[in-house]
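S.K.: Here are the chains, one letter per residue:
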Amino acid sequence: MSEKNQLAEELKVSVIQGDVKTRIDRWIANYPEENRKSALMPALRIVQETSNGYLTTELMDQIAEYLQVRPIEVYEVATFYSMYQHKPVGRHQICLCTNLSCMLRGSDELLEHIKHKISVTNTGEVSPDGKFSVRKVECAGACGGAPMMWIGKDYHENLTEETIDEILDGLE
Amino acid sequence: MAEVIQNECCYRTNHLENSWDIETYLANGGYEIWKKILAGDLSPAEIIDEVKTSNIRGRGGAGFPTGLKWSFMNRHAPGSKYIVCNSDESEPGTFKDRDIMRFNPHQLVEGMMIAGYVIGACAGYNYIRGEFWEPYKRFTGAIDQAREAGLLGKDILGSGWDFDLFAHLGGGAYICGEETALLESIEGKKGQPRFKPPFPASFGLFGKPTTINNTETLASIPMILAKGGKWFADLGVKNAGGTKCYAVSGHINKPGAYEVRMGTPFADLLELSGGIWKKRKLKAVIPGGSSTAVMPAEAVEGMTMDYDSIAKAGSFLGAGSVMILDETTDMVKSLERLTWFYYDESCGQCTPCREGTGWMYRVVHRIRQGKGRPEDIQLLKEVSGKIMGKVICGLGDAAAIPVESFLKHYEHEFKHYIEHGCSIFDRV
Ligand SMILES: Cc1cc2nc3c(=O)[nH]c(=O)nc-3n(C[C@H](O)[C@H](O)[C@H](O)COP(=O)(O)O)c2cc1C
Ligand code: SF4
Ligand code: FES
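Here the protein sequences line up with chains L and A, keeping their order.
The numbering used here applies: residue 54 is where the first sequence begins, and numbers increase by one.
The numbering used here applies: residue 13 is where the second sequence begins, and numbers increase by one.
Hints listed in this document are in silico derivations from the structure and should not be mistaken for laboratory results.
Note that CB positions come from ideal geometry on N, CA and C, so glycine has one too.
Only true hints are included.
Under the rule of at most 30 angstroms between Cα atoms (straight-line distance), these lysine-lysine pairs were calculated in the DSS-like manner:
no.	chain 1	residue 1	chain 2	residue 2
1	L	189	A	149
2	A	345	L	170
3	L	170	A	266
4	L	206	A	266
Footprint (simulated), chain L over chain A, 3 or more residues, beta carbon under 8 angstroms:
no.	segment
5	136-146
6	256-263
The following block holds chain L by itself, in its conformation from the complex (with noise of 0.2 angstroms):
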């Protein structure tokens, strides 16, 4: 966690504000004034990206109350869309497209050999350095470019072991 957000958590002081704040009212501003509850994915997506990338309940009830709506909504849409995490990951979240243009392609060697390099048993699981994490997701619409991953806002196709490797190397 995070100086800024275990501080947040001690004094129970919500995590929107400044330019978290700033940028859910952009989102807020694009729909109808009666439809607040709209920016809750946009909400949702920014707070786990500002709060080491996964949310927490406290988190979830911090947005419920800044939408004005109650926490049971939240936590619905929280749970029902897959890009929303409710565990500790990776800083850098390899999302392994595994669906079957990029199975074609060899996907399912690649997931062995980022699991070898990145030093984890399972999807799921964090590296020791926590650095990486890698879950295995669905077709991410760039099948001509297969097999493909995407980290954090980046896709990255026409994989290789050994593009994957630079890849990852590249990363903070």
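Given chain L's structure and the hints, the job is docking chain A with the ligands onto it.
M.R.: Chain A with the ligands alone, transformed into the frame defined by chain L:
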């Protein structure tokens, strides 16, 4: 191969430098139609007529005639109305809309503006799958540029008309491509499809009348109006006009998204995408995304890429997502992966889909592990038959179709696993 003409509509500017910039778009006839509309030179009725003439059918997968869809909306009805673009693009094998947003976002923006005008919308939303960050940035970049140029926003070019566009990012859920699940998602809810009726045209986004179209459908509109409905219709075949963006993936040399004319021979598309890789033979084709029936190589001989020809050959054009499987493909393993997908993505509302998708996955999985039972094939047929037509949305049928078609054409591969505990490629 006769020369295959490419990139006449949605991808027409993709080869240009900074094709996503408004300057490039304006230099290539961009926003001309929009300006004509604002000047009062093109009425909603005229536009609908032209779109009907173009014979364009929805590119999201269902193939519904777009002109007809638009005519369901009463633009004079009081209150807010919305135009929604479906850029969820999550059907395995599909990646054509991504390139529209990355390389020609302004044509989509103009298409959404025109559609919004026709139906009398106050605003429009483009629902972009959450993983598509780059396309999202290009799309919102285009909106910003259009707003700056005064083409969008309040009192557009002094016309007294207000209209604005926004993006909404998904969160990783295939089901949000289903149009009513998509609306729920924009409202900040779980993506669970609504029971229909009421249809979105009467009760849509925020409970207001709404028209939903696919990215490629909307991006085609400016060209249809610029060159005429007849031009577009003539590019295609009798039952479907235009060009079509095909996403070709799998065991080929040059996977990618190709825009060619509707009715292009399958053989030409295959050649365009470099032919089967590693000098191997074609085994099977899934022509329209994972939800369309798999076809053995013999069935695609002589087939052309349009609704009727593909239907005649035993499958469906869908979203035009062509997956190529070479002779080394293990069909049991392939189906196992697809059944997992539908199990993973079922929203869980309807019992036959929620339970059936899990059941089908578990049965195919145990067959693949060499633990299948002789009665499993019959069981799979029964379970898939119990989902078809008995659920709220198309995902249920979509889950059943691969199971039925893989068994129809490759039952012997499943039997081999059951009898020998391994694939037809393993030595017994
Ligand atoms: C499970 C499911 C997933 C779908 N996914 C998409 C999608 O990703 N993109 C899309 O445009 N349409 C998708 N559709 C179809 C939409 O419901 C809708 O028919 C389409 O967006 C209408 O636009 P069109 O008439 O321009 O094709 C999906 C349908 C179902 C049942
Ligand atoms: S068919 Fe499946 S995905 Fe569609 S509404 Fe029913 S349970 Fe949800
Ligand atoms: S199957 Fe991997 S991106 Fe589509």
